[in-house]
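Sequence order for the protein chains is A and B.
Once you know that position 59 of the first sequence is 133 in the working numbering, the rest is easy, because the numbers rise by one and skip nothing.
Once you know that position 242 of the second sequence is 316 in the working numbering, the rest is easy, because the numbers rise by one and skip nothing.
Keep in mind that the hints were calculated from the coordinates and are not lab data.
Treat the hints with caution; some may be incorrect.
DSS-like cross-link-like pairs, simulated, lysine-lysine; straight-line CA separation at most 27 Å [what the hints assert, rightly or not]:
no., chain 1, residue 1, chain 2, residue 2
1, B, Lys498, B, Lys426
2, A, Lys426, A, Lys498
3, B, Lys518, A, Lys241
4, B, Lys625, A, Lys241
5, B, Lys703, A, Lys703
6, A, Lys777, A, Lys703
7, A, Lys498, A, Lys431
8, A, Lys516, B, Lys777
9, A, Lys625, A, Lys604
10, A, Lys147, A, Lys241
11, B, Lys516, B, Lys616
12, B, Lys625, B, Lys604
13, A, Lys241, A, Lys516
14, B, Lys625, B, Lys597
15, A, Lys518, B, Lys241
There are 2 protein chains.
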Amino acid sequence: MSPQTIDLKAAAGPAAFDLSLDAIFRPRSIAVIGATPRAGTIGRQILHNLSQYEFTGPLFPVNPNHSVVHSFKCYADVRDIPDPVDLAFIIVPRHVVVPTLEACARKGVRGVVVITSGFKEVGGEGARLEAELLDTVRSSGLRMIGPNSFGIVNTEPAFRLNGTFGKPSPLPGRIALVSQSGALGETILVHAEELGVGFSMFASIGNKTDLSGTDLLQYWGRDPHTDVILMYLENFGDPRRFTRVAREVSRTKPVIVVKAGRTAAGAKAARSHTGALAGRDVSVDALFAQTGVIRVSSIQDMFDVALGFVSGQVPKGPRVCVVTNAGGPGILATDALVAGGLEMATLADETKVALRKELPEQASVENPVDLIASADASRYAAALDLVASDPAVDAVVTIFVPPLMVDAEAVGGRLIETASRHSKPMLNCLMGERHGADWIRKIKRAGLPVYAYPESIALTLSAMERWRAWRARPEGRTPTFDVDVATAAQLVRSAGREALVGARAMQFLECYGIPTVPTGGAKSAQEAVKQARSCGYPVALKLLSPDAIHKSDVGGVRLDLRTDSDVESAFAEIEAGLARHNPNARFDGVCVQAMAAGGTELVVGLTTDPQFGPLVMFGLGGVFVEILKDVVFRVHPLSDRDALEMITQIHGYPLLQGARGRPVIDPALVADVILRVSQMASDLPEIDQIDINPLVAGADRFKLAAVDARIIPQAAVTEMPPGT
Amino acid sequence: MSPQTIDLKAAAGPAAFDLSLDAIFRPRSIAVIGATPRAGTIGRQILHNLSQYEFTGPLFPVNPNHSVVHSFKCYADVRDIPDPVDLAFIIVPRHVVVPTLEACARKGVRGVVVITSGFKEVGGEGARLEAELLDTVRSSGLRMIGPNSFGIVNTEPAFRLNGTFGKPSPLPGRIALVSQSGALGETILVHAEELGVGFSMFASIGNKTDLSGTDLLQYWGRDPHTDVILMYLENFGDPRRFTRVAREVSRTKPVIVVKAGRTAAGAKAARSHTGALAGRDVSVDALFAQTGVIRVSSIQDMFDVALGFVSGQVPKGPRVCVVTNAGGPGILATDALVAGGLEMATLADETKVALRKELPEQASVENPVDLIASADASRYAAALDLVASDPAVDAVVTIFVPPLMVDAEAVGGRLIETASRHSKPMLNCLMGERHGADWIRKIKRAGLPVYAYPESIALTLSAMERWRAWRARPEGRTPTFDVDVATAAQLVRSAGREALVGARAMQFLECYGIPTVPTGGAKSAQEAVKQARSCGYPVALKLLSPDAIHKSDVGGVRLDLRTDSDVESAFAEIEAGLARHNPNARFDGVCVQAMAAGGTELVVGLTTDPQFGPLVMFGLGGVFVEILKDVVFRVHPLSDRDALEMITQIHGYPLLQGARGRPVIDPALVADVILRVSQMASDLPEIDQIDINPLVAGADRFKLAAVDARIIPQAAVTEMPPGT
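Generate the whole structure from the sequences, applying the supplied hints.
Here you go:
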């Protein structure tokens, strides 16, 4: 997306933006340009679907070869239509799309849905045509869905717009869906119809040349007919804008996303630990964690979770009570709920006493409450009333496997009636019955979420609980630190096309108020002793030479030196070691550094994703980062909440709390460094990657201090071969 | 299960065992004892289902209150039936079940299915009645399914036996199913009917008082009509017998299990690291890994995987090619396949060249192969033929989202026809269509596996690949080491009700040929010096005192002592430290031990699961075991293969391969220790738990040596309070 696009969007206020999308989703009249009478064509099917669904305004087919299409008078050109036209569907050959758009603009059409394909997605001539398309749209003020779209839907009674060319005839409902794949859009609509799930609006955004998923998210965020937003995405046009919009919309409406392309690896060569650890998917997960977006891994899961949310009740906590008439499914439900991070509610004693009175002797009044096979409608109603009234229960899962001698319809009736009297979510698992059965259909029609298997309910409650927890957490703020940007920038510039390392990297960190262990360079043994005294004993000496990549291989690292004479001899040995290894190697002296013994090694880093921009990383050092890759990423800019969450989310967190005799580390101290690194990304976009590795916490002499760092300017990334 | 049961089973050879189950699943005649004409009763429904399904032998209702039931002449007592009776269904009140069984035995009935419930599952009187039931069965020679069974099915045309009281009318097929839950059994049969999936046999085993899931597994393992075995289990009666049978059956037929109760924790207090790390579910996973059983986590997953296996083709490797007519589903498939551990096949150049010739310009000939929306039957057939013929492809996934202008029925026809010409598995994802559609039903009827979403296919192929790999791996053998059991047993006995620790624990390990670092006890400084010299410097000194639980808290551990005087002063300091800490503490001297510096710390342990018996554990020491719980368990007895697999399966394995400058460890050396620990479980059942922690590998002076160990006899576990 060009910068121009963003400016345009920023310029238009929410009202203007919504109006421009209303022209597409809430048109007063529609032209179908490329409508044909020929059966089996898209041009016929769109008109057919629009008319069968009974669009509330007039439909105007446009095709120079026909005077009537599908019983509608047909026009040769959109400009021949005597009435105003708000929206046009365009199904003409790809090379005619641009002149058609121009005609639309001249006619005063405000929105278009371009069904025609063969653009960017096929490359070559198609890509060229798409660029032209974008220019035309931009210069005309039209808003466009597509090209390569499967169409749009708005089930609102005032419009009744089914502008797709597929089989589905979407039911009205309160879910909005945007799909980057037309095929999956159609699949989802068909599956939804089978399940009796309804939609408010739907859009297949195709190549999203103008309007994107983020635009629709923003539009639906304010749409009073939409409660839940589903997205199938393959990529983000502008992840930063998505972040901003998603964070805002997620506060009030659940946004459930299938992001495909999970396993694709980042395209850029990594020049740092941080860069190497950041796969593309890490960014997506980080972004979703920060924005409250609910990520699901399949279309099936998307349905399950949406079904729960659309029922309107979100649990106030993780405590679930299961009520069942069969043991096996109760165990499966318990397994799945606990695996999903939920808790089996501990029922209040009064609830258990009351249940005991209502239930036969063989029944279990412990959660999962087993009503046993003989349970009829009144036993279900009594038990559900009791557990739903227990303040220790946040959500109720009802399992019912209809036995031969029980009136399933009556049980269904009481489920509906009981749910209506409680404000807690009640999710229903109805097993061992065809899901088209009449009594099940009635329950669904009453708005109760019905599932075939308990695992789907566990997945749903788990997603709901994560969303609740995200919304409950304080929003956090992104602090601005008073730092010496000028000097820091000068240091980066001075590195040219090389990485900033050693003492200069430490100096860079100090500009950002990040504590470092005392460090100095020395070209002679005498200088080294002087530096050692100023750092304070014990010290470490590290070889400086552009010709020794692995310092330790040439004896270039000496630790725990305690006296002047230790330092002197270590200096001589390092110099001699290098010469022995490579007589032509350049010797730049040594780096002298105070020892930071007894602490825990941490890693804080920054890398730049080509799509997502800067990502900040945190982890423990050593095996945790190298072997276990136990690191957490967040998308820049980070809030103080994000930084604290990163620290507690690593598997090795117990070590920061004092496990195995380690020093206890104050998370706020570490969060401060993480936030300062995030600020570097704002202040110095010329930086591509940063490793602070190790950052030592809780050492004998230093509460928190960087021991080594590597600042990699963009110039170094583009110029140097990968892997060096 | 009583020892007597096991003896009986062992005594009967395979032929006798199969004959006794044939009496149940392949009866020549059936009595329905408790049959009634009253609608909505189990007694009517079973007879109804048997007759509707057209059982091929005669049916004899038995009920003293009726002379005719459901058009069948009814008998007052089973003994009144003039003809021989092989099988009886029993649906009489629970207190009449035992006399009914006795009557059956006298009549010469050979097998019974007891539907009646109210036994062990309700406790009290029920449990007493169940014990009586078992006695009657055992003494009569009858074989019994149930009580509390939902019934059995055998679809074989020679029998056509539907002895259940539910709604389903099972389709014939090649899958056998055993369910420990009647409700889930019925649910699965109903769902299968909806999907068009057929069964060979089905059994709801209820309380499995006589016949268990393992019995059926053994029976179906030899059944020529069964290709795939499904099990829903909540517990194992005899895990060791299950292990033996499952390992054998898995060699020829896939065994797919939903084991419910995953999250239940072990019931016994742990007295060792190993014990604390072994949850119940760890045993189940270990057992399944060792036996080739395919564990799935839900009934839905069970169906998906069974559908793939029943098609008869198992991939010869992990390389999958996806052929699609829509981009989005292709991406979802790729994501799911890679996440499932499969590989996207790299097509041969010739295949790509040939595809290029067949496909339009906009199509992609890279995997996933995108035929684009215009793909018709002949394009699908051509592409599928090419990729299925490519030797780099082990399995083909076909995705088809029927577009408006494509004849879906024709595509379906070519899918069937193409699959018939190739011996590679071809799994089909048919999206955006109601699954009851005629053309889809035809594909299913042709025996092709059809799925609604690509994730289900990925799950299936992943399970198939794991099964293939398990079968391909050498069986392994369980070695027997020549060890000094007598001395080891004597040491354990000598510990009485306490744990064997320190030098005596090391001596125990030596009896089993496990190397230990030189260790000795010393009560005086002089003795300590003598021991230190004999161990070899440097040494460590460790306080011995029953009154100091955490030795390091009282300064009781001194490492890296290099001289006699170091040892002397360390001894004095340890003694003084203890006295300072607690003047009344008993001082038993110190343990002197050679230092094993520079190695990698490992943990090998043993614990005893109340159900599964001995479990052997392996892991890395330090954070890997304490913080990350990165350990692997196997059920005793282990084969050499099991031991090697355990070593390579931990996350920290790279450290044993030399990562981070660690010494490279020979897995065979470690496997040897693991196998010797497994042998301890065979030789010395009086041991409950063992920790060898740390076992140091690759140290300066020792290739592999135990540094500390703890042997906990059963007597110590039952007598000592938990957590001490």
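Starting from Lys625(B), check that the Cα of Lys604(B) is at most 27 Å away, please. holds (23 Å)
Hint check: Lys518(B) vs Lys241(A), CA-CA at most 27 Å. Holds or violated? Given pair Lys518(B), Lys241(A) holds - Cα atoms ~22 Å apart, limit 27 Å.
Agreement of Lys426(A) and Lys498(A) with the hint, judged by alpha carbon distance not exceeding 27 Å: Holds, because 19 Å separates the two Cα atoms, which is no more than 27 Å.
Restraint check for Lys625(A) with Lys604(A), where alpha carbons must lie at most 27 Å apart: holds (23 Å)
Is the straight-line distance between the alpha-carbon of Lys516(A) and that of Lys777(B) 27 Å or less? violated (71 Å)
Agreement of Lys147(A) and Lys241(A) with the hint, judged by alpha carbon distance not exceeding 27 Å: holds (24 Å)
Check whether the Cα positions of Lys498(A) and Lys431(A) lie no farther apart than 27 Å. holds (24 Å)
Do the alpha carbons of Lys516(B) and Lys616(B) lie within 27 Å of each other, as the hint requires? violated (76 Å)
Does the alpha-carbon distance linking Lys625(B) and Lys597(B) stay inside the 27 Å limit? holds (16 Å)
Holds or violated: are the alpha carbons of Lys498(B) and Lys426(B) at most 27 Å from each other? With a Cα-Cα distance of about 19 Å, the restraint between Lys498(B) and Lys426(B) holds, given a limit of 27 Å.
Lys625(B) and Lys241(A) were given as a pair; does the straight-line alpha-carbon distance stay at or below 27 Å? violated (75 Å)
Hey, Lys703(B) versus Lys703(A), does the alpha-carbon distance stay inside 27 Å? holds (16 Å)
The structure is inconsistent with the numbered hints 4, 8 and 11, although it conforms to all the rest.
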